[in-house]
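Line order of the protein sequences matches chains A and B.
Each residue of the first sequence is one higher than the one before, starting from 2 at the first, in my numbering.
Each residue of the second sequence is one higher than the one before, starting from 6 at the first, in my numbering.
FYI, nobody ran anything at the bench for these hints, they're computed from the structure.
With a Cα cut of at most 20 Å, we get these calculated PhoX-like pairs of lysine-lysine: (1) Lys-385/B x Lys-41/A; (2) Lys-350/B x Lys-11/A; (3) Lys-350/B x Lys-103/B; (4) Lys-41/A x Lys-3/A.
Label pairs and their in silico Cβ distance ranges: (5) Pro-95/A x Tyr-58/B: 39 to 45 Å; (6) Ala-44/B x Met-2/A: 44 to 50 Å; (7) Asp-34/A x Glu-453/B: 29 to 35 Å; (8) Ala-54/A x Ala-342/B: 38 to 44 Å; (9) Arg-93/A x Arg-354/B: 15 to 21 Å; (10) Leu-57/A x Ala-66/B: 43 to 49 Å; (11) Leu-66/A x Leu-424/B: 36 to 42 Å; (12) Ala-257/B x Pro-95/A: 56 to 62 Å; (13) Ala-288/B x Asp-7/A: 49 to 55 Å.
Think of the CB as a built atom: it goes at the ideal place given N, C-alpha and C, for glycine as much as any other residue.
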Amino acid sequence: MKISRDDVLKVAALANLELTDAEVETYRGQLDDILTYIDKLNEVDTSGVEPMAQVLVASTNDSSLRDDVVVRADVITEVLAGAPDPEAPYFRVPRVIEK
Amino acid sequence: MSAAAAWTIPAVRSALDARKISARELTKEFYTRIEQRNAELNIFLALSPERAYAQADRIDAAIAAGDALPALAGVPVAIKDVISTHGIPTTCGSLILKGYRPPYDATAVARLERAGAVILGKTNCDEFAMGSSNENSAYGPVRNPIETGHVPGGSSGGSAAAVAANLAVASLGTDTGGSIRQPGSFCGVPALNPSYGRVSRYGLIAYASSLDRIGPFAHTVRDAATVMGILAGRDPKDSTSSPAPVPDYVAALDRPLGGLRIGIPDDYFGEGIDPEVRTKVEAGIRLLEKLGCRRVSIRMPNTEYAIAAYYIIATAEASSNLARYDGVRYGPRVPGATLIDMYQKTRGRGFGPEVKRRIVLGTYVLSAGYYDAYYLKGQKVRALIARDFREAFEKADVIVTPTSPVPPFRLGERTSNPLQMYLADIYTVTGSLAGVPGISVPSGKTSEGLPVGLQIYGPAFAEDRVLHIAHAFERAGGSEL
Numbered sequence: 002m003k004i005s006r007d008d009v010l011k012v013a014a015l016a017n018l019e020l021t022d023a024e025v026e027t028y029r030g031q032l033d034d035i036l037t038y039i040d041k042l043n044e045v046d047t048s049g050v051e052p053m054a055q056v057l058v059a060s061t062n063d064s065s066l067r068d069d070v071v072v073r074a075d076v077i078t079e080v081l082a083g084a085p086d087p088e089a090p091y092f093r094v095p096r097v098i099e100k
Numbered sequence: 006m007s008a009a010a011a012w013t014i015p016a017v018r019s020a021l022d023a024r025k026i027s028a029r030e031l032t033k034e035f036y037t038r039i040e041q042r043n044a045e046l047n048i049f050l051a052l053s054p055e056r057a058y059a060q061a062d063r064i065d066a067a068i069a070a071g072d073a074l075p076a077l078a079g080v081p082v083a084i085k086d087v088i089s090t091h092g093i094p095t096t097c098g099s100l101i102l103k104g105y106r107p108p109y110d111a112t113a114v115a116r117l118e119r120a121g122a123v124i125l126g127k128t129n130c131d132e133f134a135m136g137s138s139n140e141n142s143a144y145g146p147v148r149n150p151i152e153t154g155h156v157p158g159g160s161s162g163g164s165a166a167a168v169a170a171n172l173a174v175a176s177l178g179t180d181t182g183g184s185i186r187q188p189g190s191f192c193g194v195p196a197l198n199p200s201y202g203r204v205s206r207y208g209l210i211a212y213a214s215s216l217d218r219i220g221p222f223a224h225t226v227r228d229a230a231t232v233m234g235i236l237a238g239r240d241p242k243d244s245t246s247s248p249a250p251v252p253d254y255v256a257a258l259d260r261p262l263g264g265l266r267i268g269i270p271d272d273y274f275g276e277g278i279d280p281e282v283r284t285k286v287e288a289g290i291r292l293l294e295k296l297g298c299r300r301v302s303i304r305m306p307n308t309e310y311a312i313a314a315y316y317i318i319a320t321a322e323a324s325s326n327l328a329r330y331d332g333v334r335y336g337p338r339v340p341g342a343t344l345i346d347m348y349q350k351t352r353g354r355g356f357g358p359e360v361k362r363r364i365v366l367g368t369y370v371l372s373a374g375y376y377d378a379y380y381l382k383g384q385k386v387r388a389l390i391a392r393d394f395r396e397a398f399e400k401a402d403v404i405v406t407p408t409s410p411v412p413p414f415r416l417g418e419r420t421s422n423p424l425q426m427y428l429a430d431i432y433t434v435t436g437s438l439a440g441v442p443g444i445s446v447p448s449g450k451t452s453e454g455l456p457v458g459l460q461i462y463g464p465a466f467a468e469d470r471v472l473h474i475a476h477a478f479e480r481a482g483g484s485e486l
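Pulled out of the complex, with its shape left as it was, chain A reads as follows (with noise of 0.2 Å):
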């Protein structure tokens, strides 16, 4: 077994998800089948490879950044209009800080 209950528990607590019990297994066995599988890469000799990030695109070195030039972008009225419960210019949220 590569993963277990707990450790499934202690990914889901790092990611911010709630899961229900039966997710947790679920979640164990299918994972488990997943990661056995991805096993395999041990197979292949990766000594002096370099790891890929990123595809590299040619010819992007200085080009790829614009002019670091303020723009207005004026969308907070519509930003909060999409916000679950917004206070203007804020988001508001639980309390965070104790009295």
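Mind docking chain B on chain A? Use the hints.
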């Protein structure tokens, strides 16, 4: 025109030029068709008639004034729901973004509209583009218009089906591990995944940022090339978009094919491929040979590790990208006693099963103690897969494979085993990891009448080459093999 007739981009233009129809009438015709079919097919999640008719009226005014028309004038298009559209609901097929209306347009959407396209609405997809069947949408699956008991593929199933059902002339999908090409194959329409960096991702709601791309579906390869010409190019709002010049994709289509070398990977037609798919793709390869291409054998030795590397990298990036859905800035909130409790409840109830599975897997492979064994290893194997492509392109001009090892399957047939579903992405994830362009074109049908797709890969930024070959293949009757 009858309800079943397919409008292509040139057909729209000549009808507008000849004043046989106005852009407003054409838009209305498409909304009528959508009204007739959407309850059954579940393709559109939101319609944008106000914006569509306003655009149609601008085109009609330009026609009345005798102005030169842009390339997509009056062309009705559909946009996958993971691509931002200003003021039009954009949910990513998820409950966690229910009711969200982006405050801006994706660059791809703005470019289409600037070119005269009429945006009809947003298409259904697997939640956050995670899936290969469309069954992971929180709003119910799309049905395959060719055989409605079957899936349309995924994740861009709604966009593929919109074109196949003649509910749009062209559409935008996104592809992270095959999500344009595989539904294109399942719905029997050409579907292009461009090179990474060729089309701006600005406004594409991220799943896996190092893999995500936007590309077109259309009735013909020529139409896909036309749309591609509008989408491609540098965008200052996406630092990974390339400044490389954009060729004229349409002008490249009608050159003769002679002498191009098509690389066929050894071992791609063995275990795991449906016999009917194999037969049809092999017939497709013979057709390409008849058109003057030369078949060469190539090796892609790291292909068997592609699925494992892909599901590490994609889920790791997803776990990070999807951290932003926390009930604070958009979408519904599930109240909680504390901030953390609110996050956990909102995310636990707002995300569907596949998204949660991938967040848990992605968080796991990035967590302390596992980073080197999984994430770093996955990135190294990714480098080897990219090397396989580079070496193959020294011997061949393009690589030809099946798009999917299986034809469209029945709704519900494959939902119980996620790993089995992942394994069917084998022919598409390799190109996703390497960053190269790939197109799926219809290559015959199974005995049940279900479409089969043939995939053509080219080197990075050789969209013109894959479109050229796909066009010749289509013209020579590839879909009827």
